[in-house]
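Asks: Sequential numbering of the sequence shown, starting at 43, is according to my numbering.
The hints are simulated quantities; they were obtained by calculation from the structure and are not laboratory data. Accuracy of the hints is not assured; some may be wrong.
To be verified - In silico lysine-lysine, DSS-like type, Cα no more than 25 Å apart, as pairs: (1) Lys82 / Lys68; (2) Lys82 / Lys140; (3) Lys75 / Lys140; (4) Lys140 / Lys60; (5) Lys60 / Lys75; (6) Lys82 / Lys60.
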Amino acid sequence: MGYVGLVLMLWNVILGAKPLSRLISKDYVRLNKIHRALRKYGIFFVLSHPLIQMYSYLENFYWIITPLIGNELELHISFGRLALLIYLIIWITSVLLKSRIRYRPWLYIHYLTYPWFFWFFSIFVILDIIGIIFPA
């Protein structure tokens, strides 16, 4: 679920960045419709991932928001918690509060998704690739 959400959000970022989306198509109206659809499905998969993990570990809801760093697994889960918190802040301000804040602050908050996403993508995917190549 997490990787599906990650891939959908990657395409969402690519379609949201005009210099990158120009390489795909010149039809911005169609690309914007695809961008919005991917956002909805990406949000579903990103938000359902911690809920499914919580259920599989037989934990309560506080497990999702409580950072733990006792071992390597808990540290990686806590990185995911941090990413979820940042994602929720950006999602709430850029989607839910869009009509309540001015355009320029909304745009800057929306632009935070690009460095956040590439930081998240690079750290977690590179760590996964290293773990596959060099198993412990």
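Asks: Given the proposed pairing of Lys60 with Lys75, does the C-alpha separation stay at or below 25 Å?
Replies: holds, 14 Å
Asks: Check the hint pairing Lys75 with Lys140 against an upper bound of 25 Å on the C-alpha distance.
Replies: OK: Lys75 and Lys140 at ~17 Å, within 25 Å.
Asks: Is Lys82 close enough to Lys68, meaning Cα to Cα at most 25 Å?
Replies: With a Cα-Cα distance of about 23 Å, the restraint between Lys82 and Lys68 holds, given a limit of 25 Å.
Asks: Take the C-alpha atoms of Lys82 and Lys60, compute the straight-line distance between them, and say whether it is at most 25 Å.
Replies: holds, 20 Å
Asks: Can the restraint linking Lys82 and Lys140 be considered satisfied, given a maximum Cα separation of 25 Å?
Replies: With Cα atoms ~16 Å apart, Lys82 and Lys140 stay inside 25 Å; holds.
Asks: Next pair to validate is Lys140 with Lys60; report whether the Cα-Cα distance is within 25 Å.
Replies: Distance of about 20 Å is within 25 Å: holds.
Taken one by one, the earlier hints all hold for this structure without exception.
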